[in-house]
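There are 2 protein chains.
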Amino acid sequence: MGEAITYELLHVDKNSGARRGVIHTPHGDVQTPIFMPVGTQATVKAMTPEELKEMVEAQIILGNTYHLFLRPGHKIVEKAGGLHKFMNWDRPILTDSGGFQVFSLGKLRTITEEGVEFRSYIDGSKNYLSPEKSIEVQQSLGSDIMMAFDECCPYPSTYDYTKKSMERTTRWAKRCKEAWTNKETQGLFGIIQGGFYKDLRDISLEQLIALDFPGYAIGGISVGEPKETFLDILQYTTPKMPENKPRYLMGVGTPDYLIEAALAGIDMCDCVLPTRIARHGTAMTHNGKLVVRNATYAEDFTPLDPECDCYTCKNYTRAYIRHLLNVNEILGMRLLSIHNLRFLTKLMDRVRIEIENDNLLNFRDEFYKKYGYEK
Amino acid sequence: MGEAITYELLHVDKNSGARRGVIHTPHGDVQTPIFMPVGTQATVKAMTPEELKEMVEAQIILGNTYHLFLRPGHKIVEKAGGLHKFMNWDRPILTDSGGFQVFSLGKLRTITEEGVEFRSYIDGSKNYLSPEKSIEVQQSLGSDIMMAFDECCPYPSTYDYTKKSMERTTRWAKRCKEAWTNKETQGLFGIIQGGFYKDLRDISLEQLIALDFPGYAIGGISVGEPKETFLDILQYTTPKMPENKPRYLMGVGTPDYLIEAALAGIDMCDCVLPTRIARHGTAMTHNGKLVVRNATYAEDFTPLDPECDCYTCKNYTRAYIRHLLNVNEILGMRLLSIHNLRFLTKLMDRVRIEIENDNLLNFRDEFYKKYGYEK
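Chains A and B are the protein sequences, given in the same order. Under the working numbering, think of the first position of the first sequence as 6, with each following residue one higher. Under the working numbering, think of the first position of the second sequence as 6, with each following residue one higher.
These are computed hints drawn from the structure, not numbers from a lab. Among these hints, one or two may not hold up.
Since the list gives no way to pick one copy over another, a pair counts as held whenever it fits inside one copy or between any two copies.
Listed below are the simulated SDA-like cross-link pairs for lysine to any residue, each with C-alpha atoms no more than 20 Å apart in a straight line [unchecked claim]:
| no. | residue 1 | residue 2 |
| --- | --- | --- |
| 1 | K319 | E56 |
| 2 | K90 | T45 |
| 3 | K80 | T301 |
| 4 | K84 | E59 |
| 5 | K50 | H285 |
| 6 | K351 | H291 |
| 7 | K90 | K319 |
| 8 | K138 | K179 |
| 9 | K80 | E304 |
| 10 | K84 | A303 |
| 11 | K90 | D314 |
| 12 | K90 | P31 |
| 13 | K84 | T301 |
| 14 | K179 | E8 |
| 15 | K232 | A215 |
With the sequences and hints as input, model every part of the structure.
Listed below in structure tokens is the structure:
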């Protein structure tokens, strides 16, 4: 029997490192490069699965090990028949390992070589995640792609701290691989760490590639550093990742970062940004960010983004959406979530076409101009 | 040119006062008896228009003059092309007059013969509603059915207070009728008051019928009184309402009250109850109320209501919905809102069939038994 996750390279942009490919998963194919909406707690916030398929055209979504471990508990999801069945989503799911979330807990957690003990933010109860436990949880969830339990350094971190953390990430990656039993139904990706130190990135790459995971992610960038620092590490690391396996950049969701990731040769990105800013009243548009909550739009009877053909833009005005947000109506958050997610999936549709035409660099420049980004 | 609102009587149940009819409106026909979902702030909470049509099969919804007058302001809705266009709903809309809401403000409002001065609950600003102003606002909104600006007595109220209030309601109804100019595009219903005093109900009926409105509502019951008191006034008042016009019972939305209203000869009811309890985690089912938020349902992988065929019951389990509510996910409120609204519209589909078969009384008895109500 074959591996759960395989990658097929279709085309490389002649003028950049951008790759057009397909990831084959047990729940269907994913055309790459791709943006993946985040469904932290077994739901992409405010959305139904049908909306994700029909309005957003999402090919794959994320679930969150840390959150689902605490609530409802992975055993309940397992009893339900796995995360796909529990949440009524039949396309691929990627689960993160919970590492990023437990490390973000600060004083509420204690890290040892064995794993991380932490207090639940819900009821203060003591909990424990380790490489083995994370894989156990992710196997209960039954995601198509599991992530290795890693340690993500904050920005900035010293060389010594970053090195120790990267080395531990490698040791934990090995333990994750050993704990992984569902090889034919679930893939497992290693996460390259090493912060903003290129020699540490090299060591991490070498050690993790030696472990031969079905796919690799870059962790520990897009964590608050300046854009040039981000690009430097992205462009340094990505080309060194295996060509025959999916390359995933974690936590990226702004239009410019998504395009830069694709240019560098990344296949997959995810971020809570589009749905989070939606719930707070901001739309992504072809002319930049639009804070539709602002009073300016009270009598603006045009769509959020005149160039967009999403459900929201076809049927509702800025004035209406602004009113809904202003009076805290759920529909306002729904309409903006649909729009922002569709904006990004459509952007990636375009990115894939531009790669096929060896034109992603030119497209980036035009898009930056229009969207008002500095390169 | 004809009147905006007309009523066609199709059949009267031989064993009760229940009527099967059709209300013709500028935005289409409404099969009665009907339950109308409430869209207070230009949205039925958590729902899109398509969901209301396709999942709930709602024929008509409500809008709220008081809320829309304050936010976004009726002039903005008018500029948008009216409430239908503003909220993207092309079926009939009924707007209440704002009377019930301003009277509920207690100390924040002052009633005079001229109208009601009140403080906005949003910013404390002074505002004013009167019969003329309420009609002006409702004409800006462009609803198919407007309601006269009335005074709704709290329960209990003294005979004297109720009498004075009822008499003022009549004078205000007359002023509303005089202010009403869009006769061919919008109907206007009078509201029968008189509290729990039958002789006052008789006077209110007589005076309002003399004003010849296109439809009539019963106000001031289902305001906290015991069920037998409710039924007493309902069954006393309804048969005295004009036979050739729609009869609307305001603020009723529990299954038993809806059936009792239909039995008495009521055509239309509305209530925020199904969507409100949905957002707090309670489902209406064929076996009574189900507080799905409870821990009992953590591992219950059956639908909310096994007899229901709604989107929610076809696709999701109690365990999943319970999880969503437990972690405050919008989708949980959405799924319960869809279910509860569909539960009531489907109940009314059934009520209409039972009337056609002269069987509503028997159905009521069976339903009460199953649902666990006392008659």
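Homo-oligomer pair classification [A215, K232; C-alpha up to 20 Å]: neither (30 Å within a copy, 75 Å between copies)
Homomeric proximity label, K90 with K319: Cα distance no greater than 20 Å: Between. Shortest inter-copy distance 13 Å satisfies the 20 Å Cα cut-off; intra-copy 32 Å does not.
Intra/inter-copy verdict for K319 and E56 if alpha-carbon distance must be at most 20 Å: This pair counts as both: shortest intra-copy Cα distance 15 Å, inter-copy 16 Å.
Homomeric proximity label, K50 with H285: Cα distance no greater than 20 Å: Answer is both: 13 Å inside a copy and 18 Å across each meet the 20 Å cutoff.
Homo-oligomer pair classification [T45, K90; C-alpha up to 20 Å]: within (16 Å within a copy, 35 Å between copies)
Alpha-carbon proximity between K84 and T301, which holds within one copy, between copies, both or neither at 20 Å: between (50 Å within a copy, 15 Å between copies)
Intra- versus inter-subunit Cα pairing at 20 Å for K90 with P31: Result: close within a single copy only, 14 Å intra versus 44 Å inter.
Intra- versus inter-subunit Cα pairing at 20 Å for K138 with K179: The answer is within: 14 Å in one copy meets 20 Å, while 73 Å across copies does not.
Alpha-carbon proximity between K90 and D314, which holds within one copy, between copies, both or neither at 20 Å: Classified as between; 19 Å across copies, 31 Å inside a copy.
Identical-chain pair category, K179 with E8, by Cα at 20 Å: within (18 Å within a copy, 78 Å between copies)
Same-copy or cross-copy closeness of K80 to T301 [CA-CA at most 20 Å]: between (49 Å within a copy, 16 Å between copies)
Alpha-carbon proximity between K84 and A303, which holds within one copy, between copies, both or neither at 20 Å: between (48 Å within a copy, 11 Å between copies)
Hints 4, 15, counting from the list given before, are not met by this structure.
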